[in-house]
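Start from the sequences and build out the full structure, keeping to the hints where you can.
Order-wise, the sequence lines are chains A and B. Following our numbering, the numbering of the first sequence begins with 78 at its first residue and continues without gaps. Following our numbering, the numbering of the second sequence begins with 71 at its first residue and continues without gaps.
Each hint can be trusted.
List time: in silico SDA-like cross-link candidates among lysine to any residue, alpha-carbon distance up to 20 Å: (1) A:K141 - B:R136; (2) A:K172 - A:T98; (3) B:K95 - A:A154; (4) B:K245 - B:E149; (5) B:K95 - A:Q110; (6) A:K155 - B:R98; (7) A:K155 - B:Y114; (8) A:K155 - B:L73; (9) B:K88 - A:S147; (10) B:K88 - A:W149; (11) A:K155 - B:T99; (12) B:K245 - B:P325; (13) B:K357 - B:W369; (14) B:K373 - B:T384; (15) A:K155 - B:Y77; (16) B:K95 - A:E146; (17) A:K141 - B:S134; (18) B:K397 - B:R317; (19) A:K183 - A:D171; (20) A:K141 - B:E91; (21) A:K155 - B:N72; (22) A:K123 - B:M104; (23) A:K141 - B:P86; (24) B:K95 - A:Y159; (25) A:K155 - B:I74; (26) A:K109 - A:L173; (27) A:K141 - B:K95; (28) B:K95 - A:E152; (29) A:K161 - A:T98; (30) A:K155 - B:D102; (31) B:K83 - A:T131; (32) B:K295 - B:I377; (33) B:K88 - A:E146; (34) A:K141 - A:K161; (35) A:K155 - B:K95; (36) B:K88 - A:R138; (37) B:K95 - A:L135.
Label pairs and their computed distance ranges (CB to CB): (38) A:S102 - B:I396: 52 to 58 Å; (39) B:L105 - A:G124: 20 to 26 Å; (40) A:G124 - B:S150: 46 to 52 Å.
Think of the hints as simulated: they come from the structure by calculation, not from any bench. Just so you know, even glycine gets a beta-carbon here, dropped at the ideal spot from N, CA and C.
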Amino acid sequence: MESKNTDALFDSLVLELRRGTIIISVLSQLKKQQYGYSLIVRLQEKGVEIDAGTLYPLLRRLEKQELLESNWDVESAKPRKYYKLSAYGNTIYDKLCQHWTEMVRKMDQLMNEEGVN
Amino acid sequence: MNLIDRYVYAVTKGLPYKQREDIAKEIRTLIDDMLEQHQEDVPYEEKVKRVLLGLGDPELLADSYRESKRYLIGPQNFESYFFILKIVLGAVFLGITIATVVGSFFEPQEGIIGIITSYLAILFSALMQSFAWVTAAFAIAEYKGVNLLDKKDIKEGWSIAELPQLPEKDAAISKVETVFAIIFSTIFISIILFAPQAFAAYISSSPGNTIVIPVFNIEVLSRFKILFVAIFILGILKEALKFYYGRWTLKLSIPVVILSVASAVLTISIFVNPDIWNANFALEVMKHFEINIGELNMWNSLKTGLIIVIILSTLIEIVTSLYKGIKYNQ
Chain A
78 MESKNTDALF DSLVLELRRG TIIISVLSQL KKQQYGYSLI VRLQEKGVEI
128 DAGTLYPLLR RLEKQELLES NWDVESAKPR KYYKLSAYGN TIYDKLCQHW
178 TEMVRKMDQL MNEEGVN
Chain B
71 MNLIDRYVYA VTKGLPYKQR EDIAKEIRTL IDDMLEQHQE DVPYEEKVKR
121 VLLGLGDPEL LADSYRESKR YLIGPQNFES YFFILKIVLG AVFLGITIAT
171 VVGSFFEPQE GIIGIITSYL AILFSALMQS FAWVTAAFAI AEYKGVNLLD
221 KKDIKEGWSI AELPQLPEKD AAISKVETVF AIIFSTIFIS IILFAPQAFA
271 AYISSSPGNT IVIPVFNIEV LSRFKILFVA IFILGILKEA LKFYYGRWTL
321 KLSIPVVILS VASAVLTISI FVNPDIWNAN FALEVMKHFE INIGELNMWN
371 SLKTGLIIVI ILSTLIEIVT SLYKGIKYNQ
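Shown next, in the form of structure tokens:
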């Protein structure tokens, strides 16, 4: 009866969870330079969906925050803007990873505790 | 191709000029890449349509490219904006109404229709002006505020020390006082601008016959209109600051002192000008009262007196606001 509502609610909760992981996913793939679309494909291959409308502006924002560096490749037929982690972005990414691991550990603990009881 | 051009245009048309070209190139390549990936065997036109649909509403895409918020006055300032706007518009309405009523005594030849027409015209343009100025001031504050907030976030965020102190009773600045100050200075400026003749001595010589002797030389006075407006703006600024802080603190006292000094200097620079007064004022008043020449000196000392009053009241304001600012500073 309410399954439609519950689904919508569930979807929005999942979206909320995913939102927190977008930046770290993107940073993780930029040790080597990528352009927007190749990044989408790469992430997709690894099971992480992100749409271009989210990714492109995000890349720009991260560049403005100096986490990423960019350069235009004008040699090839299509002009492409390549992004890559800056030195600063690298440090931040490492720190984020530590946090993430820590968070996963804690979450596991919380959920397992639940399971035991 | 035309569809792609239109899509790119739809996204970039509302974006900052500097970024447009860059973003356009980016999106174009993206669409191209997506087209290549599209394996289904459909006509090119159909492919383009599907790709564009996949990218979604260009307005939404533009929105995510645009980081800055798209409003003049944000929710945190809207309430005080609305409050100030109401006061200013109300005061302008009142001031112009009073100025028109008073002014209409002096130009009876204009007739009631003429008076009402010019009243409505002046009222309309003055209300528009005040609306624009208040909004502009708040928009600037909003814009500056945004930058301030960003810096704070990077610095260290919010700290307990930032919690506002509960204002001591004497430190609080009454809002009623602020409202009245704004209303009175608006009425004053409206009269100065629209009916300066109203500053006059009204002598009833015989029943139903009033002689009006203006205090100022209207022609000279009107040359100082810009200065009067400047003084008015300084005054409003001062009241707005008081309203914003709501309590005395050194951060408020210092700009209040600066604004007071500035407006006192401007006021004095207007009134030291001997031409601004109606040169015949004293003589004419005396003529109707049949009083002796000693009063003429009094008129002169009244003029000096006015300047002394301005200086004294400015000094008092400086001392009290500094005193309260230091005493209740936190």
